[in-house]
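Visitor: Sequence:
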Amino acid sequence: YTYDDFGQLTGVLYPTSHTASVSYQWATGTRPQNALFFKLATSPGLPTGKEYYDAFGRVIKTETTGFDGVNICTNTTYNHKGQIEETSLPYKSGSQAYKSDITYDAFGRLATQSSATGIVTFTSNGKTFQTATGTGQTSSKVMDSQGHVLSVTDEGGTITNVYKSIGSPYQINTHGTTWTISYDALGRQISLSDPDAGTTQYRYNKYNELTSQTNARGFKDSLTYDVLGRVTSRIGGDGTTTYVYDPANNPGLLNNIAYPGGNETYTYDTYGRLTNVQQTVNDGSASTYSTGYGYDNQNRITTVTYPSSFAVTNVFNTNGYLSEVKRSDNNATIGKQIK
1 YTYDDFGQLT
11 GVLYPTSHTA
21 SVSYQWATGT
31 RPQNALFFKL
41 ATSPGLPTGK
51 EYYDAFGRVI
61 KTETTGFDGV
71 NICTNTTYNH
81 KGQIEETSLP
91 YKSGSQAYKS
101 DITYDAFGRL
111 ATQSSATGIV
121 TFTSNGKTFQ
131 TATGTGQTSS
141 KVMDSQGHVL
151 SVTDEGGTIT
161 NVYKSIGSPY
171 QINTHGTTWT
181 ISYDALGRQI
191 SLSDPDAGTT
201 QYRYNKYNEL
211 TSQTNARGFK
221 DSLTYDVLGR
231 VTSRIGGDGT
241 TTYVYDPANN
251 PGLLNNIAYP
261 GGNETYTYDT
271 YGRLTNVQQT
281 VNDGSASTYS
291 TGYGYDNQNR
301 ITTVTYPSSF
311 AVTNVFNTNG
321 YLSEVKRSDN
331 NATIGKQIK
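The numbering of the sequence shown is our numbering, which starts it at 1 and goes up by one.
Because the hints were derived from the structure by calculation, they are not lab data. Computed from a predicted structure; not experimentally measured. Positions of the beta carbon are idealized from the N, C-alpha and C atoms, including for glycine. Some hints could be false.
[Stated by the list, open to error] Here are the computed distance ranges between Cβ atoms for each label pair: (1) Ser193 x Tyr321: 47 to 57 angstroms; (2) Lys339 x Gln8: 27 to 37 angstroms; (3) Thr240 x Gly126: 47 to 57 angstroms; (4) Ile181 x Gly94: 46 to 56 angstroms; (5) Gly134 x Val70: 23 to 33 angstroms; (6) Gly134 x Gly156: 15 to 25 angstroms; (7) Ile166 x Ser193: 10 to 20 angstroms; (8) Thr270 x Val304: 12 to 22 angstroms; (9) Leu40 x Thr174: 44 to 54 angstroms; (10) His148 x Asp329: 57 to 67 angstroms; (11) Gly94 x Ser124: 37 to 47 angstroms.
[What the hints assert, rightly or not] Straight-line C-alpha distance at most 30 angstroms; calculated BS3-like pairs for lysine-lysine: (12) Lys99 x Lys339; (13) Lys81 x Lys39; (14) Lys336 x Lys326; (15) Lys141 x Lys81; (16) Lys141 x Lys164; (17) Lys206 x Lys220; (18) Lys336 x Lys92; (19) Lys81 x Lys50.
Let the sequences and hints guide you as you build the complete structure.
Guide: Okay, structure coming up:
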């Protein structure tokens, strides 16, 4: 990483030798209204991005190179209080921008927001908040003084929540059905009572890692972990599944999963990118299926080789977008993006 004298990121050199540059320049000439400076992010083979900022350091416009080379833009304007009062959906440079206007009440709370389907109105009365859409749909939400949602009501009915002193819900009610949740002294969920599925119980170790889950029928799943908190085994009614990590030269990555029906082995390149998944199925003949992946310097998947040895190649255009998928054997086009 490289930085300028103000501590701002100016460049990145990736292990694949791919580079990315960021520059900060004054906005002069033709520029968005109120634009003072802009940040330009470039990287060979990838879309260019530009963000315009006003004198308060707020983003007022973004531009990203589109598939066909025409910029895709978004606009944001602010009121005198610094609140966002207008945004736009992404649009092509030179075309019409579809805007959304936002208003606030005297307390700075969202009051209305317009969209292509009409105006959404937000009203509040104490701890009750109501929303009405331009299509006639309404909903309301009641909150307590701690910001917990006590109930939500819409056309589908009402859901109510009851909280414990620790701030976690212990009862959820809807349409006459109640789910009950219990916790231990450390605030960890230890049971969930479901009217349909019965009660499920949860147990933890001293590191707050889930070690077992037992459903109402007595079926139990047990989990073990390594010193880094990674799951190393799961024992359940369908047998034992084990997980092995840290393949050669790639510490921290998943190496192998072994389960009752077979196993999967993962292979990576020197940059930690997944290059092969080999699946062995215990079907009496130990059938093996392998899927391979190839990458370019931008870490994009360029080739995929399937277990049948059929392979495809991803082609990217000069603006960095996937433009075509071809067969790797005869270069025939499978799919192509026009615009």
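Visitor: Against which earlier hints does the structure fall short, listed by number upward?
Guide: none
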